[in-house]
Amino acid sequence: MITLLYFAGLREATGRAQEEADLDGKTVAELIAWVGERYPHLPLEAVRVAINEEYAPESDVLQEGDIAALIPPVSGG
Amino acid sequence: MITLLYFAGLREATGRAQEEADLDGKTVAELIAWVGERYPHLPLEAVRVAINEEYAPESDVLQEGDIAALIPPVSGG
Amino acid sequence: MKPYEIVTEPLDPQRYADYVLRPEAGAVTLFTGHVREWTRGIRTLYLAYEAYVPMAEKMLTRIGEEIESKWPGTRTAIAHRIGELRIGEIAVVIAVSSPHRKDAYEANEYAIERIKEAVPVWKKEIWEDGTEWIGDQRKKPDTQGEKP
Amino acid sequence: MKPYEIVTEPLDPQRYADYVLRPEAGAVTLFTGHVREWTRGIRTLYLAYEAYVPMAEKMLTRIGEEIESKWPGTRTAIAHRIGELRIGEIAVVIAVSSPHRKDAYEANEYAIERIKEAVPVWKKEIWEDGTEWIGDQRKKPDTQGEKP
Chain G
0 MITLLYFAGL
10 REATGRAQEE
20 ADLDGKTVAE
30 LIAWVGERYP
40 HLPLEAVRVA
50 INEEYAPESD
60 VLQEGDIAAL
70 IPPVSGG
Chain C
0 MITLLYFAGL
10 REATGRAQEE
20 ADLDGKTVAE
30 LIAWVGERYP
40 HLPLEAVRVA
50 INEEYAPESD
60 VLQEGDIAAL
70 IPPVSGG
Chain Z
0 MKPYEIVTEP
10 LDPQRYADYV
20 LRPEAGAVTL
30 FTGHVREWTR
40 GIRTLYLAYE
50 AYVPMAEKML
60 TRIGEEIESK
70 WPGTRTAIAH
80 RIGELRIGEI
90 AVVIAVSSPH
100 RKDAYEANEY
110 AIERIKEAVP
120 VWKKEIWEDG
130 TEWIGDQRKK
140 PDTQGEKP
Chain Y
0 MKPYEIVTEP
10 LDPQRYADYV
20 LRPEAGAVTL
30 FTGHVREWTR
40 GIRTLYLAYE
50 AYVPMAEKML
60 TRIGEEIESK
70 WPGTRTAIAH
80 RIGELRIGEI
90 AVVIAVSSPH
100 RKDAYEANEY
110 AIERIKEAVP
120 VWKKEIWEDG
130 TEWIGDQRKK
140 PDTQGEKP
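From first to last, the protein sequence lines stand for chains G, C, Z and Y. According to numbering that gives the first Met the number 0, the residues represented by the first sequence are 0 to 76, in order. According to numbering that gives the first Met the number 0, the residues represented by the second sequence are 0 to 76, in order. According to numbering that gives the first Met the number 0, the residues represented by the third sequence are 0 to 147, in order. According to numbering that gives the first Met the number 0, the residues represented by the fourth sequence are 0 to 147, in order.
Some hints could be false.
[To be verified] In the SDA-like style, the derived pairs of lysine to any residue whose C-alpha atoms are separated by at most 20 Å in a straight line are: (1) Z:Lys115 / Y:His99; (2) Z:Lys101 / Y:Tyr109; (3) Z:Lys57 / G:Ile50; (4) Z:Lys101 / Y:Trp37; (5) Y:Lys123 / Y:Gly134; (6) Z:Lys101 / C:Ala45; (7) Z:Lys123 / Z:Lys101; (8) Y:Lys115 / Y:Glu67; (9) Z:Lys115 / Z:Arg39; (10) Z:Lys57 / G:Ile66; (11) Y:Lys57 / C:Ile66; (12) Y:Lys115 / C:Glu44; (13) Y:Lys115 / C:Ala45; (14) Z:Lys123 / Z:Arg85; (15) Y:Lys101 / Z:Tyr109; (16) Z:Lys1 / Z:Arg21; (17) C:Lys25 / C:Glu36; (18) Z:Lys101 / Y:Thr38; (19) Y:Lys123 / C:Ile66; (20) Z:Lys57 / G:Leu4; (21) Y:Lys57 / C:Thr13; (22) Y:Lys123 / Z:Pro98; (23) Y:Lys123 / Z:Tyr109.
[To be verified] One side only, chain Z facing chain G, incomplete, derived with CB under 10 Å: (24) His79; (25) Gly82; (26) Ile111; (27) Gly129; (28) Gly134.
If you're looking for bench data, these hints aren't it; they were derived computationally from the structure. Since this is a predicted model, take the numbers as computed values, not measurements. Heads up, the beta-carbon is just placed ideally off N, CA and C, and yes, glycines get one too.
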């Protein structure tokens, strides 16, 4: 199992800050597709994924226990 | 009469912060020459002159009551 | 305080300026980003900031490391506040000290640019008639270069 | 305080940052120039600053006017301290606020460059074995462009 984190507009749109999902062995691209199917109206085009607090390319593979954060466009500062 | 002001190294080298001089009608260039004759060892090459608190070109003419400041290279900040 | 931190209380910029000062520093630049009342003609009542706190602090630390490598001899501290902020309040503080002034300006501006592209902090504007999470949805940032 | 001033007491940079802040300002840059212990391999014990005070305040005011004309919407405050300063103490403070950050950085850096070329303030370094008034004696600055 991996832990998914949702922030900002994604948190409000999904109605949750986190959830568990059985995505071990899947790529980041497959994770994004899974989220897109589960929440069809989420704006995912500009979302980046961080695995264990590091931005990860779409080819990275998820492992048991990973924390995957969906990062919508940032707007700090 | 005009008032001459000396600052920083020029004040220390002349031993005075100010003096009066009869330079009415003279140009800034003539004022610098006058100072150079009076204090032969002053480093005047890089000195600018301010008349009444404004930098003045060497062609400006001094008038009765003017305050002429000899401004050595500045080093604020 | 930590030199790279996300906080929930009002920021005191002087603490970060004091932190970066050293006897060999001739220049300190301190940037503060404030909540503006008007943006694109719309009046903001207040802002709400949210962060992925552990990752944001890690990214701020990395930006500091990038700066100390690009501009040797500098020292940096960065703090971002989250929660609800009123008009005029400080959202972000960046302090950079350097032996020479040019580096302090350049490094400070580099820090705010990097924060705006990479640090997981989000701003929600609250107006009289609505709210919006701010962020450029149009372009997908390049993530390939983000891993160390 | 005055927004453009020469002072003899220790500078409190926050007062100048507070002065320039307004509801439309999203960014404030605050530059502080500090007395460095080491310059060109020589250890400074302390510095003594001297100014032609009325002209220096007039020139600081003019630099502020130049900035508000070059970067509309900015507000600036500049203070320089004179007298004896110890290592680490602040000699100059420049605060600039602006709706957008780029202007605040550029205008602030412009201010320190102009101060260093045009404001009648002089620095004397006091070392263990001597003193020297600092200033580039080699080149004569162009005075033709200085009159308004």
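Hints, verified against the model:
1. Z:Lys115 / Y:His99: holds (13 Å)
2. Z:Lys101 / Y:Tyr109: holds (11 Å)
3. Z:Lys57 / G:Ile50: The given pair, whose Cα atoms are some 13 Å apart, holds under the 20 Å limit.
4. Z:Lys101 / Y:Trp37: Holds. Lys101 of chain Z to Trp37 of chain Y sits at ~18 Å (cutoff 20 Å).
5. Y:Lys123 / Y:Gly134: holds (9 Å)
6. Z:Lys101 / C:Ala45: Roughly 25 Å separates the two Cα atoms, so the pair is violated.
7. Z:Lys123 / Z:Lys101: violated (34 Å)
8. Y:Lys115 / Y:Glu67: Measuring from Cα to Cα gives roughly 19 Å; hence the hint holds.
9. Z:Lys115 / Z:Arg39: Measuring from Cα to Cα gives roughly 18 Å; hence the hint holds.
10. Z:Lys57 / G:Ile66: holds (15 Å)
11. Y:Lys57 / C:Ile66: holds (15 Å)
12. Y:Lys115 / C:Glu44: holds (19 Å)
13. Y:Lys115 / C:Ala45: holds (15 Å)
14. Z:Lys123 / Z:Arg85: holds (12 Å)
15. Y:Lys101 / Z:Tyr109: Holds - the C-alpha atoms of Tyr109 of chain Z and Lys101 of chain Y are around 11 Å apart, at most 20 Å.
16. Z:Lys1 / Z:Arg21: holds (17 Å)
17. C:Lys25 / C:Glu36: With a Cα-Cα distance of about 15 Å, the restraint between Lys25 of chain C and Glu36 of chain C holds, given a limit of 20 Å.
18. Z:Lys101 / Y:Thr38: holds (16 Å)
19. Y:Lys123 / C:Ile66: Distance of about 25 Å is beyond 20 Å: violated.
20. Z:Lys57 / G:Leu4: Holds - the C-alpha atoms of Leu4 of chain G and Lys57 of chain Z are around 17 Å apart, at most 20 Å.
21. Y:Lys57 / C:Thr13: violated (26 Å)
22. Y:Lys123 / Z:Pro98: holds (19 Å)
23. Y:Lys123 / Z:Tyr109: violated (34 Å)
24. His79: holds (6 Å)
25. Gly82: violated (13 Å)
26. Ile111: Hint holds; Ile111 of chain Z Cβ to chain G Cβ min 6 Å, cut 10 Å.
27. Gly129: It is violated, given that the least Cβ distance between Gly129 of chain Z and chain G is near 13 Å, above 10 Å.
28. Gly134: For Gly134 of chain Z, the interface hint holds, since the closest Cβ of chain G sits about 3 Å away, which is under 10 Å.
Hint compliance for this structure: hints 6, 7, 19, 21, 23, 25 and 27 are broken, all remaining hints hold.
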